[in-house]
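Hints are included, so try docking the two chains, each in its own frame, into the full complex.
So the chains spell out like this:
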Amino acid sequence: MARSRREEHLPHGLLHAFLLATVAVTLYPVLWVVTIALSGRQSLALADLPADPGTFDRLRAILPWPSRWSWDNFRAVLSDQPFATWLLNSALVAIATTVVGVALSCTAAYAFSRFKFPGRRAGMMSFLVSQMFPGTLTLIPLYIIIVQWLGLGSTRLGLIIVYATTSIPFSVWMLKGYFDTIPRELEEAAIMEGAGPGVIFWRIVLPLAKPAIAITALFSFMTAWNEFIQAATFMDKEEMYTAPVGLRFFVGGFQQQWGYFAAGSIIVSIPVVALFFYLQKYLVSGLTAGSVKG
Amino acid sequence: MAAVVLRELTKRFGKTSVIEGLDLEVRDKEFMVLVGPSGCGKSTALRMVAGLEEITGGTISIGDRVVNEVPPKDRDVAMVFQSYALYPHMTVRENLEFGLKIRKTPPAEIDRLVTEAAQILGIQELLLRKPKELSGGQRQRVALGRAIVRKPSVFLFDEPLSNLDAKLRVQMRAEIKKLQARLQVTSIYVTHDQVEAMTMGHRIAVLHAGTLQQVGTPLEVYERPANLFVAAFIGTPPMNFVEARVAGAGETLQAGSFALPVPARLRAALRGRDGARVVVGIRPENAVPAGRAPRGPCHRIDTTVEIAEPLGDEVVVHARAGEDALVFKQDPHRPAAIGSTLAVDLELDALHFFDAETQRRLGEDPPSGASP
Numbered sequence: 001m002a003r004s005r006r007e008e009h010l011p012h013g014l015l016h017a018f019l020l021a022t023v024a025v026t027l028y029p030v031l032w033v034v035t036i037a038l039s040g041r042q043s044l045a046l047a048d049l050p051a052d053p054g055t056f057d058r059l060r061a062i063l064p065w066p067s068r069w070s071w072d073n074f075r076a077v078l079s080d081q082p083f084a085t086w087l088l089n090s091a092l093v094a095i096a097t098t099v100v101g102v103a104l105s106c107t108a109a110y111a112f113s114r115f116k117f118p119g120r121r122a123g124m125m126s127f128l129v130s131q132m133f134p135g136t137l138t139l140i141p142l143y144i145i146i147v148q149w150l151g152l153g154s155t156r157l158g159l160i161i162v163y164a165t166t167s168i169p170f171s172v173w174m175l176k177g178y179f180d181t182i183p184r185e186l187e188e189a190a191i192m193e194g195a196g197p198g199v200i201f202w203r204i205v206l207p208l209a210k211p212a213i214a215i216t217a218l219f220s221f222m223t224a225w226n227e228f229i230q231a232a233t234f235m236d237k238e239e240m241y242t243a244p245v246g247l248r249f250f251v252g253g254f255q256q257q258w259g260y261f262a263a264g265s266i267i268v269s270i271p272v273v274a275l276f277f278y279l280q281k282y283l284v285s286g287l288t289a290g291s292v293k294g
Numbered sequence: 001m002a003a004v005v006l007r008e009l010t011k012r013f014g015k016t017s018v019i020e021g022l023d024l025e026v027r028d029k030e031f032m033v034l035v036g037p038s039g040c041g042k043s044t045a046l047r048m049v050a051g052l053e054e055i056t057g058g059t060i061s062i063g064d065r066v067v068n069e070v071p072p073k074d075r076d077v078a079m080v081f082q083s084y085a086l087y088p089h090m091t092v093r094e095n096l097e098f099g100l101k102i103r104k105t106p107p108a109e110i111d112r113l114v115t116e117a118a119q120i121l122g123i124q125e126l127l128l129r130k131p132k133e134l135s136g137g138q139r140q141r142v143a144l145g146r147a148i149v150r151k152p153s154v155f156l157f158d159e160p161l162s163n164l165d166a167k168l169r170v171q172m173r174a175e176i177k178k179l180q181a182r183l184q185v186t187s188i189y190v191t192h193d194q195v196e197a198m199t200m201g202h203r204i205a206v207l208h209a210g211t212l213q214q215v216g217t218p219l220e221v222y223e224r225p226a227n228l229f230v231a232a233f234i235g236t237p238p239m240n241f242v243e244a245r246v247a248g249a250g251e252t253l254q255a256g257s258f259a260l261p262v263p264a265r266l267r268a269a270l271r272g273r274d275g276a277r278v279v280v281g282i283r284p285e286n287a288v289p290a291g292r293a294p295r296g297p298c299h300r301i302d303t304t305v306e307i308a309e310p311l312g313d314e315v316v317v318h319a320r321a322g323e324d325a326l327v328f329k330q331d332p333h334r335p336a337a338i339g340s341t342l343a344v345d346l347e348l349d350a351l352h353f354f355d356a357e358t359q360r361r362l363g364e365d366p367p368s369g370a371s372p
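Protein chains in written order, with the working numbering: chain A, 1 to 294; chain B, 1 to 372.
Isolated chain B, as found in the complex (with noise of 0.2 angstroms):
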């Protein structure tokens, strides 16, 4: 078992920068979340990680040793393809034996640890098939199989479930979830679906162009989102922006069709700045449609419906107050009728503000372990 610790670690491909300075502690036994859009850098993370990409600055240390120059094999980590990249032409007891065979190990040892492999994941009526004869999910037990029968004292997973249709991803995320909790081996996990990512992450680390953008657990990043990228990544529907300016000495947020009162906790930071540019951020369930309960302080203002998505639980609704867009949910048996006017409490005390030149959250300190 073992924590792994990435210090100013650096990716470039000739002047290409993948990755920028990235620091990020997994600790011992956590189940540590890699997200953010294609092309963000985190799948190279990971593969730095594992040693098949060359690391160009920085340091990567898994346990008490810097693994840097360490090959991939002497780093004991096993890694879980988004392709399963199973060997076609081996038996599925053959593709879990691989490894153990390469490392030596006794042929007695290997019978125990397959089939203790093939027993946690449901696969022992599978082990004399060819990967072409099982379904995806079963494919990837069989991936899931072959880097848990080693032992390693890390998992690095690179999309696993991406391949799976949206049924099978559920029930596979739990199955995940549950392998590393009954394993309790540290487990790095990279996707581009923040559902995975809030699903099943101790901590999730959010990564935007190649820098950390936020880490915490996934209530923390929900609700406390660093900046506007995190804040808009994280939560569908995604959360409402409405730009605003200050104004009455900090007291009053002006947006473009309403006003809004400045909550207790911003106001130090925004007196003496009026005219200044502030992204207030509401979540889809901090604003309330009439006829439902708001919490706490509320400012209301008059949407115009303009779409209406019923989900079966609730209805998702797309509607307009002036220049601005507003999506929130609600009640599926009253329905707003498309272009008519409803009334929406906004739940100030749930409202996110964020500098419109920095994009960073305002008020109270972001999580700890966020980069700038």
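The shape of chain A in the complex, shown without the other chains (with noise of 0.2 angstroms):
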């Protein structure tokens, strides 16, 4: 039906035209980083313009494709620099942060979604409201607290107790609104049958709310994964920095060494696009959770 609808107002030709346009265009700027980490150079030029350029020559400035293959910016970044040790501070602070997070907003989602009790609409209400302020403003209440009062400048654990008190608020109302659609009879079968809460909890409501646990997963993560500022705030030492802080550090200053932040920034992006294959089979389930009836 959809298809030969479409085939009435546009020919083939043409849409895919505009689909490889527009494909395109998406694609430039990645492929431009891309091109950059191969060439084993430290320019943020694609190719080298001659002082009288030709029309061939300044075709070539624009195409994305090095004029030399060359691993050597990767292998640097991970060898020569301390990006290995940043890399790990990241992967620690963000999987902690998934975990802390996601545990923490499954308990309080479904507290919220089925059970009554004082606070429980201010409750969620304060959620939401925290989310209208952007992260900027609770920086320096937070480095007061993270850093002078509990001490945590420049651990993991500072900073994953951040990120995972921010991620919190969307992940509960995420959840929520999930655990609502879950039809409270498979509970109630549940409890005729003689489950407690907690097998309830566990082998009836969350293997069902999968989909919506792993957007709330991938959130959480990648939240952490790229958040910048936090970090750089509250990680002073070298070692302690993640990958996002010490990216800045190539571009910074006196040098500037695009080759390596542009692999250091595909290396970077490895595990979201590696977690968004993986979990894409739930996301699609998840972005229209509650839409049908099961």
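Quick caveat, the hints were computed from the structure, so don't treat them as lab data. All C-beta atoms in this analysis are idealised placements derived from N, C-alpha and C, irrespective of residue type, glycine included. Take the hints with a grain of salt, since some may be wrong.
[To be verified] With a cut-off of at most 20 angstroms between alpha-carbon atoms, the simulated PhoX-like pairs for lysine-lysine come out as follows:
| id | chain 1 | residue 1 | chain 2 | residue 2 |
| --- | --- | --- | --- | --- |
| 1 | B | Lys177 | B | Lys167 |
| 2 | B | Lys29 | A | Lys281 |
| 3 | B | Lys130 | B | Lys101 |
| 4 | B | Lys73 | B | Lys151 |
| 5 | B | Lys101 | B | Lys151 |
| 6 | B | Lys178 | B | Lys29 |
| 7 | B | Lys151 | B | Lys178 |
| 8 | B | Lys132 | A | Lys210 |
| 9 | B | Lys132 | A | Lys281 |
| 10 | A | Lys210 | B | Lys15 |
| 11 | A | Lys116 | B | Lys15 |
| 12 | B | Lys130 | B | Lys29 |
| 13 | A | Lys210 | A | Lys176 |
| 14 | B | Lys130 | B | Lys177 |
| 15 | B | Lys104 | B | Lys151 |
[Unchecked claim] Some chain A residues flagged as far from chain B (calculated, every beta-carbon gap over 12 angstroms):
| id | residue |
| --- | --- |
| 16 | Thr26 |
| 17 | Leu46 |
| 18 | Trp71 |
| 19 | Ser126 |
| 20 | Leu128 |
| 21 | Gly153 |
| 22 | Ser269 |
Set out below in structure tokens:
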């Protein structure tokens, strides 16, 4: 049905041309970064223009294809630079944030979804309100709490606490919305069969909420993995940098190591891409959660 | 096996009363149907027996113990839900095993019980499937299986057939009835469908607006409805009602366009109450059109045919006698023409009389167990 209707309006060739153009526009910046990373040089330009460039030279200069292929940038980033340590920091912080955030969000969201208690509405509203303020607003109070009071400056634990607390409000809203769509009768059936709240939560609710949990986990992981400002504020020691903070130092100060920066960015994006691929089956069903009655 | 007794059972949500002083005794091994229109409190009553709903007042006993404070898992009851409530992420076998595993039944015993339940319901072939791979009827069977596998002493059914299509519903109706007869387990079955109630229950309890209207065997409730609500609710097509006034020293009932002689069993009750208002109930099968043979003493009236609905084996005729509407059944091969006049014999011995004020049945006492 959809296909035939589309054909009536637009010829196939035109449609494909449009789609190809869109893809090219979307991919071009990414290809540029890949080219720089694989060029083995530190220049931001794709190719060096001669003093008197011809048409071919100009075209060459915008084509994302390195004039010389080399893994040097990747090799240097991972061995000469402390980038591997930063990656490890990022990974530990992101994974711990995800585990802590999802665990707390699941239990909190289930309580908000199923139990009636004083402060239920106020709690959900305060979560919502907390999402309205930009993260930079809380930077100073968080710095005082984490660094001055708790003495957790330049520690992974400090960052994990900050990230987990900032991701929990969104996660709770997301998960509560999903839990609300799980029929109560399923839980009542389990109650009739003798299941307690723990069994119901672990064996009925959580398995059914997998899509929502996958999204929440992905969100928590990505936020923690990509976050820059807070990490840059709390992590003073170089060996405690996370990858995004470390990346910045390739192109700051006295040198512009765009090659390292590009190689580092590609390495940083690999885990997220992999995670997306792994979770995509849940993402599709999770994003449409509750739209169709099972 | 156990009897279930509800005493003065009351349920209120805040100030809203859902059930008020419900007294009901479900005997051991009995199939009791709670029937009533939506919102009458029947499902709430069932959920209170299950333990899923808190009790505001009164007591519920299962067997010889009061279970008001007993958690659902310790009441030894199993419930079949309207939506089946099968766990979507588990196979049929896992669905059946779930309760047994929670109760720490030994694996060999679980295996034996699941196999037995699957055999009874004919779902052995489906054990490895997930609920989404089953048809509506199969899901219904699995839901039943989950209830019987634990061998509880009471079954609770909450409108279990309302999600099935008409044909399957008739089939499953019979299967549930057979299953109950075979397992001999006390059962409480909630439905809004009076046909289900009539066909399935040993006894039926009619609820309306949170109060019990009448309890009795299907035939008792049909033949001697305790009040106007029960009379109108039970039976298809529903009973006809004609308003009348007592006249002639309690010997005649004067309806809008015709007069009816008062049958002997009512004369005493109506003597000296000239002018009192009475509602006369006439079941469609007790209004016999000319050409069919009526039973017992009759009173003939003339009606004008308005609609005829052929059903194959008979025709349901909607007619009018003066101001009063009258529905009756006719031979399919001799249908009355619309607008024509048709003489109808009212079988006097089968008429029902209700007090227009109190809406209660007049004449002989209603069957035992009915509340005022």
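* Which hints, by number, does the structure contradict? -> 2, 10, 12, 14
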